[in-house]
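Student: What follows is the residue order along each chain.
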Amino acid sequence: MRGTLTIARRELASFFAIPLGWVATALYLFLTGGVFSLMILNPSTAATMRPFFAVSAWLLLPVIPAISMRLFSEEFRSGTIEPLLTSPVSDAAIALGKYLGALGFMVLMLVPTLLHVGVLAWLSDPAPDAGPIVAGYTSLVLLGMLYLSIGLFISSLTSNQTLAFLGTLFAILLLLLATTLGADRLPEAMRPLLYAAALTPRIADFSKGVIDTSHVVFFVSCSAWFVLLTIVALQSRRWS
Amino acid sequence: MLSVQGVHKSFGSIRAVRGVSFEVRPGQVVGLLGPNGAGKTTTIRMITGFLPPDDGRVMIGELDVSRESAPARAKIGYLPESAPHYPEMKVREFIAHRAALLGVAGRERKKAVEEAMDRCQLSHVAARRVGVLSKGFKQRVGLAAAIVHGPSVLVLDEPTNGLDPTQVREARSLIRDLAKDRTLLLSSHVLSEVERVCERVVVIAGGEMRADGTPSELVEKTSLTPLHVVECARTPDPLPILRMVEGVADAKLEALADEGWVRVRITPRSGHRDLREALAAAARGAGLAVRELSIDRPSLERLFAELIERPVAIGGGAGAGGGA
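Top line first, the protein sequences correspond to chains X and Z.
Counting along the first sequence from 1, when you hit position 210 you're at 210 in the numbering used here, and nothing is skipped either side.
Counting along the second sequence from 1, when you hit position 105 you're at 1105 in the numbering used here, and nothing is skipped either side.
No wet-lab data here; the hints were simulated from the structure.
Glycine included, each C-beta is placed from N, C-alpha and C at the ideal position.
Check before you lean on any hint, since a few could be wrong.
Chain X is nowhere near these chain Z residues, computed Cβ spacing over 10 angstroms in every case [claimed, not checked]:
| id | residue |
| --- | --- |
| 1 | 1045 |
| 2 | 1080 |
| 3 | 1098 |
Example chain X residues on the side facing chain Z (calculated, C-beta under 7 angstroms, incomplete) [as the list claims (entries may be wrong)]:
| id | residue |
| --- | --- |
| 4 | 6 |
| 5 | 10 |
| 6 | 14 |
| 7 | 17 |
| 8 | 18 |
| 9 | 79 |
| 10 | 179 |
| 11 | 180 |
| 12 | 183 |
Working from the sequences, and respecting the hints, build out all of it.
Tutor: Structure (structure tokens):
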């Protein structure tokens, strides 16, 4: 789709040209570094990255809305949405380009944490099992994909970045709570749907080192739905 | 050619644009003139494909902007009001990014970017971030980004809004230069800008078209009469002498700081546009010393005020689609 990569490239570069990108990365790496030093680099425990993945999954909760809040909201606020939407590229290319740019940034944010894996492998004997580590990173990327797609959609609804941040955080928390604590308290008819949408059991499977194709399909297709909703939101702006 | 054909646009109960029609022929520079809130930006947004019209259509050459949107948009260079930009990007990066989005092929992009920067005199700031530039430079960056793909139609929304007088002069000169080889539509609420840059004016107010023609045509066809100004000696009393001239409807005296001199403003009767010779002859005959005699022709400004107050049917400008 013409224009997608151009938009993705600009979006990715913009995260490194503004303080937000560096601050989000620094905080994430500082906190995960702390977890690694205190919980993993402990001679009395088994050589596993599991605590890192568990904490990282929770850290995505504030980090992803911070990344996604500016995707469209900033374009609306500054007026750059006008030259963008009047360029000869489709709304789908614009939404997908922004999504891929933000996803690229999130993946790059995870790259320095591979150092933890290297240190753990160097210090421990026997070396940690590769399966759970690969599955753990896969789960982080998939979870980030879903959260980012929700953030992309919500940022396409408002020109206020704070609202986009809070809206995304609230939507993700709602999804997590409704499919866990809420599922047992809601009418029985709704339970199968909520259990099917639950994220935590799927992430738990990944942490065991299992990459279940159905889980991958779930995260990818849910993300695709939210990107599609973003395209619809962009088109409805033109017709409003 | 740009052709706007009876476009309408409403936002809820507000009818922002009502049946606006006009054409801009290749190479023409047309000003879309109107007060704030007249519907200029909405009209421009329909032309550039940002908003679809509720009714009517916009054609860029043979392409309908709503139906064949992407190819039509590729032919338009657009600078929205306040020249939105990405402040963190460097000038060259920003223009190259726009070039890529506007479909300039990779191998031609570098040349196109350098040419656009040269044209807009940006080469010396190419490596600076757009966000740190002055407003005048940001405007030039927006213009360079709008022309980088060589569009046949250039649309500028209030291009000198918020600039200081020097920047306004520079921007106008640049716009005149850019207009040499393309169709240009410029919106403004500043009359002097339209008068200096545009060869034709479309006046829009309250979402409707009020007039379409060259500035001189519009002034000529209006009912406004040219005021005559006479600066003469205080004695003999100039009012009875000048009021006697045939065609004078009214004469008013104004005091001047110079002792012994006054200014008389004369309103001619309808159909009497130039009374200078008759006034000079009357003054000479009565022994009245005159040191200045001139016509204060109705400016576009006076016409504009009249047009936005009430609809006046003035049309027939080159390529005019009709006025209301």
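Student: Which of the listed hints are not met by the structure?
Tutor: 1, 2, 3, 10, 11, 12
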